[in-house]
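Undergrad: Residue-level listing of the chains:
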Amino acid sequence: MKSSNKLFEPALVQTALKQSFIKLDPRVMIKNPVMFTVEVGTLIMAYVTIYSLKNNGQGSPIYNFFIFLILLLTVLFANFAEAIAEARGKAQADSLRKTREETPAKVILSNGSIEIRSSSLLKKGDVFLCETGDTIPTDGEIIEGIATIDESAITGESAPVIRESGGDKSSVTGGTKVLSDQIKIQVNTQPGESFLDKMIALVEGASRQKTPNEIALTILLASFTLVFIIVCVTLKPFADYANTPITIASLISLFVCLIPTTIGGLLSAIGIAGMDRALRANVITKSGKAVETAGDIDVLLLDKTGTITIGNRKATNFYPAPGVDNKAFIEACVMSSLADETPEGKSIIELATIQNFKVMPAPAGSIFIKFTAETRSSGLDTKDGKRTRKGAFDSIRNIVLKAGNPFPAETEDQVKAISNNGGTPLVVSVNEKTMGVIELQDIIKPGISERFERLRKMGVKTVMVTGDNPLTAKFIAEKAGVDDFIAEAKPEDKMNYIKDVQALGKLVAMMVDGTNDAPALAQADVGVAMNSGTQAAKEAGNMVDLDNDPTKLIEIVEIGKQLLITRGTLTTFSIANDVAKYFAIVPALFIASIPALERLNVMGLHSPESAILSAVIFNAVIIPILIPLALKGVEYKPIGASALLRRNLLIYGLGGVIAPFIGIKIIDLLVGLFV
Amino acid sequence: MNTELFGIVATYLLTLVIAIPLGKYLAKVFAGEKVWTDFLKPLETGIYKLSGINIKEEMDWKQHMKALLTINLVWLVYGFFVLIYQDKLPLNPDGNPGMTPDLAFNTIISFVVNCNLQHYSGESGLTYLTQHFVIMFLHFVSAATGIAAAVVFFKAFREKTTVKLGNFWEFFVKSITRLLLPLSLVVALILALNGTPTSYEGKDQFISMQGDTVNVSRGPAAGMIAIKHIGTNGGGWFGVNSAHPLENPNYLTDSVELIAQVILPIAMVIAFGIFIRRRKLSWIIFGVMTIGMFLLLIPTVSSELGGNPLIAKMGVSQATGAMEGKEVRFGPAISGYWSTVTTIISTGSVNSMHDSTMPLTGMWQLLGMMINAFFGGCGVGILNYFIYLIIAVFISGLMVGRTPEFLGHKVEAREVKIAALITLLSPFLILAGTALASFVFTNHGDAAWVVQPKNWLSNQGFHGFSEMLYEMTSSNANNGSGFEGLGDNNIFWNVTTGFVLFLGRFLPIIGPVAIAGLLGAKKHVPESAGTLKTDTLTFGLMTFAVIVVLNALSYFPALALGPLAEYFTMLK
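Chains A and B, in that order, are what the protein sequence lines are. Quick note: to get this note's numbering, add 6 to the position in the first sequence (first position is 1). Quick note: to get this note's numbering, add 715 to the position in the second sequence (first position is 1).
Hints are computed from structural coordinates only; laboratory data are not their basis. Certain hints may be false.
With a cut-off of at most 30 Å between alpha-carbon atoms, the simulated DSBU-like pairs for lysine-lysine come out as follows [claimed, not checked]:
hint, chain 1, residue 1, chain 2, residue 2
1, B, K918, B, K879
2, A, K295, B, K1125
3, B, K739, B, K781
4, B, K1132, A, K512
5, A, K216, B, K1132
6, A, K467, B, K875
7, B, K1237, A, K292
8, A, K467, B, K1125
9, A, K295, B, K781
10, B, K781, A, K216
11, A, K496, B, K1132
12, B, K1125, A, K505
13, B, K781, A, K292
14, B, K764, A, K512
15, A, K295, B, K1238
16, A, K643, B, K1248
17, A, K463, B, K1248
18, B, K781, A, K505
19, A, K512, B, K781
20, B, K1125, A, K37
21, A, K37, B, K1132
Here are some of the chain A residues that sit facing chain B, going by a computed Cβ distance under 7 Å [to be verified]:
hint, residue
22, L226
23, D506
24, Q508
25, G574
26, T575
27, L650
Computed footprint of chain A on chain B; a stretch qualifies when at least three of its residues, placed anywhere within it, have a C-beta under 8 Å from a C-beta of chain A [claimed, not checked]:
hint, segment
28, 1244-1257
29, 1262-1276
This structure is a prediction, so every number in the text was calculated from the model and none was measured. C-beta: ideal position from N, C-alpha, C; glycine also.
Construct all of the structure, not just a fragment, from the sequences and the given hints.
TA: Next comes the structure, spelled out in structure tokens:
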């Protein structure tokens, strides 16, 4: 998916501008209590403007009209911020959706005949056929066949991928293209209920729910607003006591300047932009909460294969057991791997070929023994009663010892030596007799340890999950720089590990693609399923990564943190701004009857009217000025919480105090030319 | 060094020397560890048995608050009637009358809530019976209520996750037997030895040098003056409080009373860290409070020592500083120190008239009470601080990109809601109260009350506004000091401040205890590198900024119309 990084695309701006006016509807505005009060203030000012045309005592109609106009702009700016964030999110989602709309689907009817139907009419449970050159009309699961698929429309990755029925790679996404072969696909979502549909609804606002932190912040901002209502309402009797008439325009201006309009106006834009950033990172989230939770993650569970190491382990050496002929051993290795479709199995055949062994197909009538997580071995039984097994060291040793045969010490030493070097030993037996060891080696991804270091600085502990034995796992864990590992992991081990960590009060994120990880994925606080993964895994997790990139979690964690930081810093900025606004407005209110208060006019503003106008204008324009920051998010730096707080407090707290002094003064110089 | 400044420094250092070990002792007492006062255990056991209390029954925060409110309600009803009928009860040698219902309403609330706003004068408004069994009794129990509430709050953070927060009655009884009684005993002795009366006889008489007959009120005052400071109550035996020569005879007693009112509030802060095993957190809180205190103290002392600019303009030398309203035996420096301490610590006793201090000093006094968390009242000070801390935790938690947490407990919408409501309460009570008073003064000056609204203020203009603002602020802060110069014994002030007092006391106790109770019950999250630590200088600075900004934003316009306008006009 190619997306523009320009913040304000003309087409989007146009939609957003229109939306800014539509959003003036009080029924919509009331969801944002801060901006709602500004809208009420705007309405009052409209009335005051009309009233002052014929009556005295409320200032000049022109001045009142200007205040009205600026307040209206303040509301519109806030609406625009939300609208542009929505428009961007929607555009992003639309570009995903466009590819899958109105694609003809070859639906296979129950009588076996094929009918062409529009993709939008597909229902859950329908089965359709896709052949070479077809665009897959909707999300589904392959129930028959294997095909190479071009997923570049979704992932931007041009290399085709293989998807086949059964196993972990059976999911296809609408909008992708079949490059070869043909597959039968079953629709697994109702129309309008796919993840993408959910995501679009989230950014469009209709079903957007506020996240817990957003709710808490809204409460805090509402209470600040209430404080300022009290401050402004009580100012009237105070002024009466001091014999100072205060116009409604001044009171409303003071009120609007004081309430946290900056953060209030940008709050929902920040939230939507966070979802949008996740979408830009090609991650579909099922809720805003999941993104926020990602920022709180303490422990991250990662599969070793494909995440920490490049692709898969490859066979590098054959070590026959004492007294076993090299050729016989290689033959056993090949026999055991003939039915093994895993990359490891294939690499064994490859290595055998390299060593000039002529690979023959399995003799007729052979029975393949599939690998299971429980037996942790696989193999082949030929018709003539030859039982070849290949598997983890302890599982094969069990088979051998159970049959009453000895397990050679030399082989055991070899197993240890391989493990100590970070390799994976696979032991092969024929008829419960040890034949030897195959060495598999992992290659660690370049740059991965730097990423783990970054996570560590964020306070996230990384845990590698692997089926390897503890020795191998330890070697790779140390080399890659992960903090912990789960070796010889069975699905329930992952589950238990997650539960244990959660019992300590920590939040766990997990990123996997396998079917049997679905329970663990559901148990994790943040579960990211691969788009290539099974439907079960996708349902269990709360995010789907379209790129199938396991290190994506690092980005998601940062997006989550950025979301909170942006809210926190802009709140601080907004409140800090009030100091300067007070120094602009309070002297202006009272200077006529209490000339001594001129001393509070530290900015030396031109006149009471220009002071109030400047403060209100500053208050309005700061919103659009900060929209880019709200959309991009405040940068997260993993420098430790206290250092980060110091930094943000300095920039947004102290900066928030100083900036409006300068801004209001400049605006006053300009306004002073006219007033 | 100037002797007067030396007096301040010595008093402050002595305060710390006593308060810090006292904090350690306090933590041990409430943690149930061995302390030397354990010989009082039989007495406590006797009290529990007599009252049918089983201290093994632990309460959650709601049960604690129920117990606290119930017992306070009992005192409220009891005191109200005793005050009304005090003229018919014994121990009334001067034949003082019973209180009017509105005055009794105000007085009883005021003492139950540890505020001690006095719209009467002790000499003529109370009898020895009510001084003892209403006023002094409430001095003890209202202080103990505050301490017990703070201990409940401590309890919530001692264990990782807990809903059981000890037994309220145990905390309450121990606050009296282990802290308030012994400490008051020492202070009372020093006062009595320095000339504060302890007799039950009525007024004494002497003939002055001008030949006038002067009646001097007396009474068993020393004990009450001791607990009025130890318990940060502030309500004096005599009308002019600790400016009275019998209530505060000399510089030594002045220092003793100053130390007495600060030691428990400081000790509570120290005890908090020891109790929850995070001493560093205590020191950071102590640091923030101390800096806040000095920032109010230094300009106060300097403006009082500097004298009145209007007098200076007349060419009159003021070598001793601004002396109006001050006792010659104390002088402006230590009086300035007292005025800071008594306003930040919700004692509200005075040794000089705040109405006569310089306009800016008045502002510092007002701010001290508005903030009400630089040490604050005994027990409640740290609870008030906790509200600011939660707001700071929330905003800074967001700023570092993590769901905010305090001591391993996530701060979520519910806690923020409570903190926001409590934050809202003070500006509401202070500003709405003052606005109502201003409104009545401006528009209904002729209302037929005992004191007509137009005659409320002894000063017109800005200073008059400060007088009204001060009264409401003092009520809300449960401080009890008065700017005086305000005709406050009438139905308007008695009733309005009565409500402000009540709300300003119990909601800010329930709020923080509720937050602590909710947090304590939550799952404990272990610290990681991403966790924002609350016991760092940076976080201390953040809390300080929150305190300053919140208060400045809430009260700037009111302060501009009162003390600031007066000050700038004076400079002209």
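Undergrad: Next, verify each hint and record whether it holds.
TA: Each hint, compared with the structure:
About 52 Å separates the Cα atoms of B:K918 and B:K879, which puts this hinted pair outside 30 Å; it is violated. Taking the CA atoms of A:K295 and B:K1125, the gap is about 15 Å. The hint holds against a cut of 30 Å. Between B:K739 and B:K781 the alpha-carbon distance is near 29 Å, which keeps this suggested pair within the 30 Å criterion. Taking the CA atoms of B:K1132 and A:K512, the gap is about 25 Å. The hint holds against a cut of 30 Å.
Taking the CA atoms of A:K216 and B:K1132, the gap is about 15 Å. The hint holds against a cut of 30 Å. A distance of roughly 22 Å separates the Cα atoms of A:K467 and B:K875; the hinted pair therefore holds under the 30 Å criterion. Taking the CA atoms of B:K1237 and A:K292, the gap is near 26 Å; set against the 30 Å cutoff, the hint holds. Distance check on the hinted pair: A:K467 and B:K1125 sit about 19 Å apart at the alpha-carbon level, within 30 Å; holds.
Straight-line distance between C-alpha atoms of A:K295 and B:K781 comes to about 36 Å, which puts the hinted pair past the 30 Å bound. About 34 Å separates the Cα atoms of B:K781 and A:K216, which puts this hinted pair outside 30 Å; it is violated. Of the pairs offered as hints, the one joining A:K496 and B:K1132 is violated, with about 44 Å between alpha carbons and a cut-off of 30 Å exceeded. For the hint pairing B:K1125 with A:K505, the CA-to-CA distance comes to about 19 Å; that is within 30 Å, so the pair holds.
With a C-alpha separation of about 43 Å, the suggested pairing of B:K781 with A:K292 is violated against the 30 Å cut-off. Distance hint between B:K764 and A:K512 is unfulfilled; the C-alpha atoms sit about 45 Å from each other, more than 30 Å. As the CA atoms of A:K295 and B:K1238 are separated by approximately 19 Å, the hinted pair is consistent with the 30 Å bound. At roughly 17 Å between alpha-carbon atoms, A:K643 and B:K1248 fall within 30 Å of each other, so this suggested pair holds.
The suggested pairing of A:K463 with B:K1248 holds, with an alpha-carbon distance near 15 Å, which does not exceed 30 Å. Taking the CA atoms of B:K781 and A:K505, the gap is about 38 Å. The hint is violated against a cut of 30 Å. A threshold of 30 Å between alpha carbons decides the hint, and for A:K512 with B:K781 the separation of about 34 Å lies outside it, so the pair is violated. A threshold of 30 Å between alpha carbons decides the hint, and for B:K1125 with A:K37 the separation of about 25 Å falls inside it, so the pair holds.
For the given pair, A:K37 sits about 17 Å from B:K1132 by alpha-carbon distance, which is consistent with the 30 Å threshold. For the restraint placing A:L226 at the interface with chain B, the shortest Cβ-Cβ distance is roughly 5 Å, inside the 7 Å limit, so the hint holds. At a threshold of 7 Å, the smallest CB-CB gap from A:D506 to chain B is about 13 Å, leaving the interface hint violated. For A:Q508, the shortest C-beta to C-beta distance to chain B is roughly 9 Å, which exceeds 7 Å, and the interface hint is violated.
A cut of 7 Å between beta carbons decides the hint on A:G574: the least distance to chain B is about 3 Å, and the hint holds. Given the 7 Å rule on beta carbons, the hint for A:T575 holds: about 6 Å separates it from the nearest Cβ of chain B. Hint status for A:L650: holds, given a least beta-carbon distance of 5 Å to chain B, under 7 Å. Note: the segment 1244-1257 of chain B has 10 residues with beta-carbon separation from chain A under 8 Å; the three-residue rule is met and the coverage holds.
With 9 residues carrying a beta carbon less than 8 Å from a beta carbon of chain A, the segment 1262-1276 of chain B meets the three-residue requirement, and the given coverage holds.
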